[in-house]
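Below, each chain spelled out in residue letters.
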Amino acid sequence: MSWKAEIEELHQRRKLAAACGGPEAVARHHKSGKLTVRERIDTLLDARSFREVGKLAGKGSYDKDGNLVKFEPAPYVMGLGRIDGRPIAIGGEDYTIRAGTGFGSDRRKGGQGGFIEDLAYEYRIPLINLVEGTGGTVNTAKRKGYTVVPGYGQDGFERSVDLMGIVPVVSAVMGTTAGGPSARALLCHWSIMIRGQSQIFAAGPPVVERAFGKKLTKEELGGAKISADTAGTIDNVAENEEDCFHQIRRFLSYMPQNVWELPPPGSCDDPADRCEDALADIIPRSNRQPYNMRKLVEMVVDRSSMFEIQPGFGRAVITCLARMGGHVAGVIANNPMFGGIMDYKAARKQAHFIELCDMFNIPLIFFADIPGFMVGQESEANAILREGVRARYVGLQVTVPVFTVIVRKCYGMAGGGVIDRRGLNFKIAWPSAEWGSLPLEGGVKAAYRREIESAPDPAQREKEIENELRQLASPFRTAEAFAIEDIIDPRETRPYLCQFIDALQGRLKTQPGPKFKGGVRP
Amino acid sequence: MSRIEVKSEITGTVWQLQAQPGDRVESGDTLIVIESMKMEIPVITEDGGVVKEILVKEKDPVSEGQVVAILED
Chain A
695 MSWKAEIEEL HQRRKLAAAC GGPEAVARHH KSGKLTVRER IDTLLDARSF REVGKLAGKG
755 SYDKDGNLVK FEPAPYVMGL GRIDGRPIAI GGEDYTIRAG TGFGSDRRKG GQGGFIEDLA
815 YEYRIPLINL VEGTGGTVNT AKRKGYTVVP GYGQDGFERS VDLMGIVPVV SAVMGTTAGG
875 PSARALLCHW SIMIRGQSQI FAAGPPVVER AFGKKLTKEE LGGAKISADT AGTIDNVAEN
935 EEDCFHQIRR FLSYMPQNVW ELPPPGSCDD PADRCEDALA DIIPRSNRQP YNMRKLVEMV
995 VDRSSMFEIQ PGFGRAVITC LARMGGHVAG VIANNPMFGG IMDYKAARKQ AHFIELCDMF
1055 NIPLIFFADI PGFMVGQESE ANAILREGVR ARYVGLQVTV PVFTVIVRKC YGMAGGGVID
1115 RRGLNFKIAW PSAEWGSLPL EGGVKAAYRR EIESAPDPAQ REKEIENELR QLASPFRTAE
1175 AFAIEDIIDP RETRPYLCQF IDALQGRLKT QPGPKFKGGV RP
Chain B
33 MSRIEVKSEI TGTVWQLQAQ PGDRVESGDT LIVIESMKME IPVITEDGGV VKEILVKEKD
93 PVSEGQVVAI LED
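So the sequences go chain by chain: A and B.
For the numbering used here, count along the first sequence from 1 and bump the result up by 694.
For the numbering used here, count along the second sequence from 1 and bump the result up by 32.
Take the hints with a grain of salt, since some may be wrong.
List of simulated lysine-lysine pairs, DSS-like, C-alpha gap at most 27 angstroms [said to hold, decoys possible]: (1) B:70 - A:1157; (2) A:989 - B:70; (3) B:39 - A:912; (4) A:753 - A:838; (5) A:698 - A:764.
Facing chain B, a subset of chain A residues (Cβ under 8 angstroms, in silico) [to be verified]: (6) 779; (7) 983; (8) 984; (9) 988; (10) 1032; (11) 1033; (12) 1065; (13) 1066; (14) 1135; (15) 1139; (16) 1182.
Simulated restraints on C-beta separations [claimed, not checked]: (17) B:60 - A:1079: 32 to 40 angstroms; (18) B:92 - A:962: 44 to 52 angstroms; (19) A:855 - B:104: 46 to 54 angstroms; (20) B:45 - A:1079: 16 to 24 angstroms.
No lab work stands behind these hints, which were simulated from the structure alone.
Please read these numbers as outputs of a predicted model, since none were measured by experiment.
All residues carry an ideal CB built from backbone N, CA and C; glycine is no exception.
Chain A extracted, bound-state conformation (with noise of 0.2 angstroms):
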């Protein structure tokens, strides 16, 4: 073979590359419970589909006769693989060679910026991040010979803000990330971290020390309990590598490979006419007391089919990737074990779940269970109204169907915002279902204030006003003046949604594309 040399040097130099930092490095990875890059790649991706591109890049020395005598593998692989079946781009950060730090001056070969993301963007493919890097050093400054300005060069966002209104990005926090890799993570669709493996934070305990004096760990910084649970910065917490890699596989099988194209169809075994009968008395008489929404939204959904996005954050409400009779839906469910109460994190929440489902073309379900916006100072202070009205606008621009089932409470602006006001106002109740601008207690004595206080009997007139405002709030009387679409016995939630569901998928395919939304969000 007449290149044979040529070939062996290929095969020789493709070996050095897969040794990544070299056996020390990786065994000193291994020993703090990591996975390589290269192994979580693999574990990652469907068998034996990982297509590694630009395995080369690295910087080699030379003895002066030309021959390579060392070699140190660029800090990022990448490349092409599958998820059940399904191509995708992934690329992440070999933390094993200068702890996942920038490759010399060409970020071609990097997450940011970089040859993968082109792929994504160009091939119209989803894209995974594992990222775990520090971002830049002062030490380019040296090697350049002089400063650069915030992107510089081919180093900006600008790709991977085009990818997220084409194609699903996962970021996956595989360590401790900061700086540039930490803002990547965020430009993503979802993103995971993993508990007491991984923290996020613009900057790391020395700059923080600096600036403050006050010594964190990693973990008090930028852990889990920070970064997912207090400020909803990373989305979901997978408990060790393994998991994540689940969550990450399972985030994918709900989403299209691009927004021209819809979710794709799951093989269904759970019976679309399944009726619970638990669902009839699973809301407490008492509209004062909790219950277990989550257990409410996995007895309607398929079975096991609930993947819940954003579990830890802004707990007042649920939202989760579901299907209902093998077709994706998003579910939207107040949750009553926080009283159901739109604070600013649940609004937040909410906006941000509501965009993900409509530009992936996923038809949206409310469970509403909501007696209004929190209210109080510590509420207004947080923005509460600017939050709110933020998720009711952006409930207003969405151009999926949306369905919504009111088990409970329907109160007040809140509440107004679980409604397909912007399409076919499709809402249907359950028969402990109440309405209204705000709830009778308490409202009565606002709006009666000169009858109540003229009454011979001040708390008698209170109590009779009352009780004629509470005959008329019989869900009943809305159905018949048909302002609710229809009452239903809770044990038909489930058939009566697939049905719906079902029937407006041909709907879902005259609107493939980006979604292009104007104006500019209070």
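Using the hints provided, position chain B relative to the given structure of chain A.
Same frame as chain A, now just chain B:
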């Protein structure tokens, strides 16, 4: 023995105390019920342990993130 802080996740007033100092509680148990916007909202412990202190009494106002009980495990 570690000290575990149990926080209220919501602003409201204390409606009911359901645990006393000395009680052994398990993960998922309700310690206190907060009333907020006319709803009863349980303060649930994520960890098991022995209740060392209940830091609020009925009708006390509480804010989001306020520590309302201390456990020891």
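Which earlier hints can't be squared with this structure?
-> 6, 9, 15, 16
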